[in-house]
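Residue numbers (my numbering), protein chains in the order written: chain A, 2 to 198; chain B, 119 to 501.
Just so you know, these hints were derived from the structure itself, not from any lab. Check the hints yourself; a few may be wrong.
What the hints assert, rightly or not - Here are the in silico distance ranges between beta carbons for each label pair: (1) B:Asp-166 x A:Thr-197: 24 to 32 Å; (2) A:Ile-7 x B:Pro-202: 31 to 39 Å; (3) B:Val-245 x A:Asn-52: 39 to 47 Å; (4) B:Gly-420 x A:Lys-97: 31 to 39 Å; (5) A:Ile-180 x B:Asp-166: 48 to 56 Å; (6) B:Met-356 x A:Arg-159: 50 to 58 Å; (7) A:Arg-159 x B:Asp-209: 31 to 39 Å; (8) A:Arg-81 x B:Ser-412: 20 to 28 Å; (9) A:Lys-97 x B:Ile-308: 47 to 55 Å; (10) B:Glu-145 x A:Arg-151: 50 to 58 Å.
Note that the structure is a prediction, hence the values are computed from the model and not measured. No residue lacks a Cβ here, since even glycine has one placed at the ideal position from N, Cα and C.
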Amino acid sequence: MASNGIRLDHRIICRIVEPESRVLDLGCGNGDLLYLLAREKGAKVQGIEVNDSAIYECVKRGLSVFHGDIESGLAEYPDRSFDYVILNQSMQEVKKIDWLIGEALRIGHQIIVGFPNFAFIQARFMLFFRGKAPITPSLPYCWHDTPNIRFLSIGDFRDFCREKNLRVREAHCLGKKGIIPFWPNLFALNAIFVVTK
Amino acid sequence: MNKNGSVGIVTTKYFTFAEPPDPLVIESGRALSQVTLAYETYGTLNRDKTNAILVAHALSGDAHAAGFQEGDSTPGWWDVMIGPGKAFDTDRYFIICSNVIGGCKGSTGPSSRNPLTGKPYGLDFPVITIADMVEAQRRLVDHLGIEKLLCVTGGSMGGMQALQWVASYGERVRSAIPIATALKHSPQQIAFDEVVRQSIMADPAWRQGEYYEYGQPEKGLAVARMIGHITFMSDQSMEEKFSRKLKNGQYNFDFAADFEVEGYLRNRGDSFVRRFDANSYLYITKAMDYFDLSGGRLIPNGNVLPTRFLVISFKSDWLYPSNQSQEIVRELKMKQADATYCELPSTYGHDAFLLEVEEQTTLIRHFLDKTFNGYHVANDNGI
Numbered sequence: 002m003a004s005n006g007i008r009l010d011h012r013i014i015c016r017i018v019e020p021e022s023r024v025l026d027l028g029c030g031n032g033d034l035l036y037l038l039a040r041e042k043g044a045k046v047q048g049i050e051v052n053d054s055a056i057y058e059c060v061k062r063g064l065s066v067f068h069g070d071i072e073s074g075l076a077e078y079p080d081r082s083f084d085y086v087i088l089n090q091s092m093q094e095v096k097k098i099d100w101l102i103g104e105a106l107r108i109g110h111q112i113i114v115g116f117p118n119f120a121f122i123q124a125r126f127m128l129f130f131r132g133k134a135p136i137t138p139s140l141p142y143c144w145h146d147t148p149n150i151r152f153l154s155i156g157d158f159r160d161f162c163r164e165k166n167l168r169v170r171e172a173h174c175l176g177k178k179g180i181i182p183f184w185p186n187l188f189a190l191n192a193i194f195v196v197t198k
Numbered sequence: 119m120n121k122n123g124s125v126g127i128v129t130t131k132y133f134t135f136a137e138p139p140d141p142l143v144i145e146s147g148r149a150l151s152q153v154t155l156a157y158e159t160y161g162t163l164n165r166d167k168t169n170a171i172l173v174a175h176a177l178s179g180d181a182h183a184a185g186f187q188e189g190d191s192t193p194g195w196w197d198v199m200i201g202p203g204k205a206f207d208t209d210r211y212f213i214i215c216s217n218v219i220g221g222c223k224g225s226t227g228p229s230s231r232n233p234l235t236g237k238p239y240g241l242d243f244p245v246i247t248i249a250d251m252v253e254a255q256r257r258l259v260d261h262l263g264i265e266k267l268l269c270v271t272g273g274s275m276g277g278m279q280a281l282q283w284v285a286s287y288g289e290r291v292r293s294a295i296p297i298a299t300a301l302k303h304s305p306q307q308i309a310f311d312e313v314v315r316q317s318i319m320a321d322p323a324w325r326q327g328e329y330y331e332y333g334q335p336e337k338g339l340a341v342a343r344m345i346g347h348i349t350f351m352s353d354q355s356m357e358e359k360f361s362r363k364l365k366n367g368q369y370n371f372d373f374a375a376d377f378e379v380e381g382y383l384r385n386r387g388d389s390f391v392r393r394f395d396a397n398s399y400l401y402i403t404k405a406m407d408y409f410d411l412s413g414g415r416l417i418p419n420g421n422v423l424p425t426r427f428l429v430i431s432f433k434s435d436w437l438y439p440s441n442q443s444q445e446i447v448r449e450l451k452m453k454q455a456d457a458t459y460c461e462l463p464s465t466y467g468h469d470a471f472l473l474e475v476e477e478q479t480t481l482i483r484h485f486l487d488k489t490f491n492g493y494h495v496a497n498d499n500g501i
């Protein structure tokens, strides 16, 4: 999933973000994506991250980060503080999804959501033929040792957006090496959605 | 021992200002003449004067933050953090630390001579605030010819001064590192301070603050400091340090110090009496209690601050708990300031800001480096 050492999903998000934007990354990890956006797009970036050592990495890179969980760190931001709020590979770990997406859309003009596709063909095979909880490249965890508490497919997320009257501005469905043009709900490992109200 | 170096032998300097007829008018409206600040500096001020860092001390601290004074075997109070190769790297930065006004370590305070009477001020000394401390520091920074500080930092009351610098002179502060501190004193913190003050004032030897001819109110001041030490530790650090260990291996069945923790507190109380003025303890705790930059006073409305912030708290600190640091960060977020917040794991309680060297050093070194070298130089090697 890497090119020049940069992850495919990060490259896609970097393409989406307009230069000089204000960006908040919820669950920013060690700051790889924020660093990329600051460097490539001159974005003014901030992150929220709960992991101790990941926070130190962010500070080493000069990133502005808030140490805490993403559900407790949003209320103070004024409306429309950011051009983009990013939830990349973190939404599936969150309890109050509905509320979180609402908050993200309050403080950001657009949200960029990246998540693993549970309906990927390999996952379907594992469940159907072997009768086991799926383990795939984008869902690599064993059932008893996973941070994920939500399991959704690309189709599920489209339904969610429709139900909540959210506009899907862009949807990118990713395989191991690139974009999946056909039958993404079956063949894509990950998806990146750009959503507005 | 720390692998990094020491700033070596240091001497305290003195700066006196507010000579009549131009006194320092303080927040209460009263005036102070001939104000002296004791201060020390470490490292070298660069030609552009862009590498100056002001370190502010906590309640009982002083200007001697690093290195050794002639003949001393113990270094300054934040020597683990200030020196060549340390968090506040004296090979790169010019560090200033001054004793607060109201203090008793060389700066003007209640134990200083009142120029009007020729005797110690005692309770004639006006009640001062954190803003007054900062105002005096501002005069010192002006005196040193420094227009902009690279950073203002400190733990506990030192952190309050860092925040007050932002509120009073935000445009002169490129970055602030408030550590284990608060935007305002909570009722719990005021309550502890009030018990501390009452224990001093209840000692007959206090004599309404006019004790200088007779000696300190030793009992009251010692108890005050014992209370302080309890609040600086955590239950875990006390368990690790003392548990229920007995000094003589058995109960004495009297009221001597049976437990090691009792001995420790008595010891700390007694040694404090020898080094700190009781009236200064009253004045400084009062200044902390008055401190309140909540409700938009940290960053006045409409201002977009150029200041970067690194806010640090410690998990086991119950005197200045993490939620108070988070309140600072909330305020900064609302004003869209550039802020980083870290809660460091530690079992030392409030004392952690003096003891947790490694993580603080990592965070502070990188943060200062990015502030000093500018972090918006785009492309390959930075952001």
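To see whether the hints hold, each was checked on the structure:
{"no.": "1", "hint": "B:Asp-166 x A:Thr-197: 24 to 32 Å", "in the structure": "46 Å, violated"}
{"no.": "2", "hint": "A:Ile-7 x B:Pro-202: 31 to 39 Å", "in the structure": "38 Å, holds"}
{"no.": "3", "hint": "B:Val-245 x A:Asn-52: 39 to 47 Å", "in the structure": "45 Å, holds"}
{"no.": "4", "hint": "B:Gly-420 x A:Lys-97: 31 to 39 Å", "in the structure": "34 Å, holds"}
{"no.": "5", "hint": "A:Ile-180 x B:Asp-166: 48 to 56 Å", "in the structure": "50 Å, holds"}
{"no.": "6", "hint": "B:Met-356 x A:Arg-159: 50 to 58 Å", "in the structure": "56 Å, holds"}
{"no.": "7", "hint": "A:Arg-159 x B:Asp-209: 31 to 39 Å", "in the structure": "57 Å, violated"}
{"no.": "8", "hint": "A:Arg-81 x B:Ser-412: 20 to 28 Å", "in the structure": "25 Å, holds"}
{"no.": "9", "hint": "A:Lys-97 x B:Ile-308: 47 to 55 Å", "in the structure": "36 Å, violated"}
{"no.": "10", "hint": "B:Glu-145 x A:Arg-151: 50 to 58 Å", "in the structure": "53 Å, holds"}
The structure fails hints 1, 7 and 9 (numbered hints given earlier, in ascending order).
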